[in-house]
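A.B. asks: Assemble the complex: chain A is given as a structure, and chain B must be docked to it using the hints.
Heads up: the protein sequence lines correspond to chains A and B, in order. Under numbering that gives the first Met the number 0, think of the first position of the first sequence as 0, with each following residue one higher. Under numbering that gives the first Met the number 0, think of the first position of the second sequence as 0, with each following residue one higher.
Don't take every hint at face value.
To be verified - Rough simulated footprint, nothing fancy, chain B against chain A, three-plus residues with beta-carbon under 8 Å:
#, segment
1, 86–92
2, 96–104
Said to hold, decoys possible - In silico DSS-like cross-links for lysine-lysine, where the CA-CA straight-line distance does not exceed 30 Å:
#, chain 1, residue 1, chain 2, residue 2
3, A, 23, B, 77
4, B, 141, A, 70
5, B, 77, B, 49
6, B, 159, B, 141
7, B, 154, A, 70
8, A, 23, B, 49
9, A, 70, B, 49
10, B, 77, B, 52
What the hints assert, rightly or not - Over 10 Å on every C-beta distance to chain A, these chain B residues come out as not near it, computed from the model:
#, residue
11, 192
12, 211
13, 351
Simulated from the structure, these hints should not be mistaken for lab results. Ideal Cβ positions, reconstructed from N, Cα and C, are used throughout, including at glycine.
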Amino acid sequence: MTPALAPPDEGFIDVLASGVHDTKNTLFDALSRIDAVRNTMAASAAAPTESVTLLDEAYVAVERSAERLAKLLSAYRLIRRENPVVLLPTPLGDLAEYVRLRAAAEWQGTAALVVGPVVDDVWIMDRELIADCLVNALTNAARYAGSKVTLELRAESDWLSITVVDDGPGYAREVIGGRTPSGSIGLFIADKVANLHERNGQRGTLALANGPAGGAVFTLTLP
Amino acid sequence: MEPLLGADEILSLQREVKRKPAPGAAFKDTVTPFKELRFLVIEDQEASRKTLKMCIQSMGGFSIEIAVSHGDAIFRIKNNVPDIIICDYILGDGRTGQQLLEELRHTATLPNRVVFLMVTAERSYEQVVSAVELTPDDYVIKPFSPEVLGLRIEKAVQKKLAFRTYYDLREAHQFDEAVQELDAMLARDQAKPYKYDIFRYRAETLADAGCTDEAQRAYEDIIRIHPFPWAKAGLARMLHRKDRLPEARATVDEVIAMSPNYFEAYDLKAAICSDSGDYAEAQKTLAHAAERAPRNWSRKRTLSTVALHNGDFETATAVMRDVVVNDAAGGASLHDSLNMARCALAGGDVEAAKAAMHAAAKTNLDNVGDAERVEFECVLAVLEGAAGAARYERICRTIVRLSELPVQTAVDVARAALAFYDRQTADRVIEQMLGGKQARLAFQPLLGIYKLHGLEEPFRKIQNRAALKRLHK
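Looking at chain A on its own, in the form it has when it is part of the complex (with noise of 0.2 Å):
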């Protein structure tokens, strides 16, 4: 497995977050707006049709530019420990239960969503930032995936490791090679998000690699 994406230059990113940030609120206001056009749209029996459409259509393209956007932050919150990891014990049953309601909300394809193993324990991490990254990377494994994406969780040793494993064509060389390829804000948070995870001295990591038989593996592993 190789280690996974380098930060990227952390010059540039006060000045970046600065306008990422006011960005964001602009998009949140102007869906907040266009979602009371569309309020009083469904409410109107005039309203044309294709009107509504692709007023449904600009809300779904704010949102996710606004999340997106959102996202960017999270990761710079992340790499100025503004943001730092809120260390709580967590069964881990409920993390598996929590995450999967959350992916299948948010899943694409037609893949199936696969809760393999979950070993019954409890892990002292952050729930809502590993919940995060590992909703966003079974619903990005659900983009890829041909058949299923499986979500295990294993204790090995002082360990717990992490896995979502989908079977579509795996990881592209350039991102298992550990260079930042454009779109991966959330293996970024994720990298940090593992690392941000200290105990006794010990960091997690996130390691991402392809399967033998070619899907992508992405593996949290925590202290």
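C.D. replies: Then chain B, alone, in the frame of chain A:
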């Protein structure tokens, strides 16, 4: 949506529910337990209230009460304890759901069997949950789907059911049995998801039972696994209890460094500093917390007292005035009025002190304890001047009966005794205080009173005598 609990849990939950007085929602045969449960939604924003209500209804919830503010929530919980509370973190008017939770737990208004779930858009709330000793059963980060809310409630209910025997024993103050129950749970596979809760409850129960050494060991064991701020605060509390003040202070300082938003740690630090006689640091610590959580009136009352003991009567007066104006619906209490009078006296504002005592005299004095009665009479006697001598003499009969005076009472007695030239009583009281367990706590305020009368030298002599006595004990 599929039923969220297993058949055994549904039966068990229904038994729990049926044991309670009629809650309004009928106990009909149901497919989902949510229909049997009484929900209370606490949220100041109307749109969010509607969303939460729809979420609960979509899970099969039927009996849903709404509270729109902190005060409304307390009123409703006292009148009709719900099964599940879903509370927004921001409650408006400067209040938070965490403050509400702490108030409910401190006043024993919230039985352990009630699920308290916090809803928040603030990721920073997780920092609070990871640190504090009084936590909700769980929290949900906005935005969330009804399924996620349902999952959180289901897990919280399962945990309540797993711990119900323990809760009953702890509430009945059967601490030994409660600890035995926790030890037995630890051996059960089904309790595996709750092992940290068990460790935590065990330490807390031992502390409640007065088993300070064992509780200290329990907290140390937890810290060895992970340095949770609440466990460190628990350890600091046990060290404080054992009068190991420097260690307690170093430990609580670590807690504050780790979790600057954990305000109860500031209260603990202030108590440790006060007991060490370091009122200046205690005042600084409380002022810092009070600035960031301005509606915690209990902390502000302590801040005023600490500032007064520290000789900063201006701060003491300003803080006490804030408390009386903003947290005294129905008139100031005897305690608050007395504090106002003491602040005014310390600042030399006799008219303001008289006005405060006028308010104090209006409160119901029939059921107050001896110490509070002594405080009232002594402060009033001083304000009456020469005419107060008879009042002072009368209350002296009660003073001699009291074996160990609280620090504030001792300060009021010393002030009155010196005002009426009764050095004998004043000296006796300070010798008793400086020779006892509260010596460090009492030292600075008593010295201040003696200094006002130009009696620092006799005070120092008594101080030395008391120190010698403590050494020979």
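A.B. asks: Are any of the numbered hints broken by this structure? If so, which, sorted upward?
C.D. replies: 3 and 11
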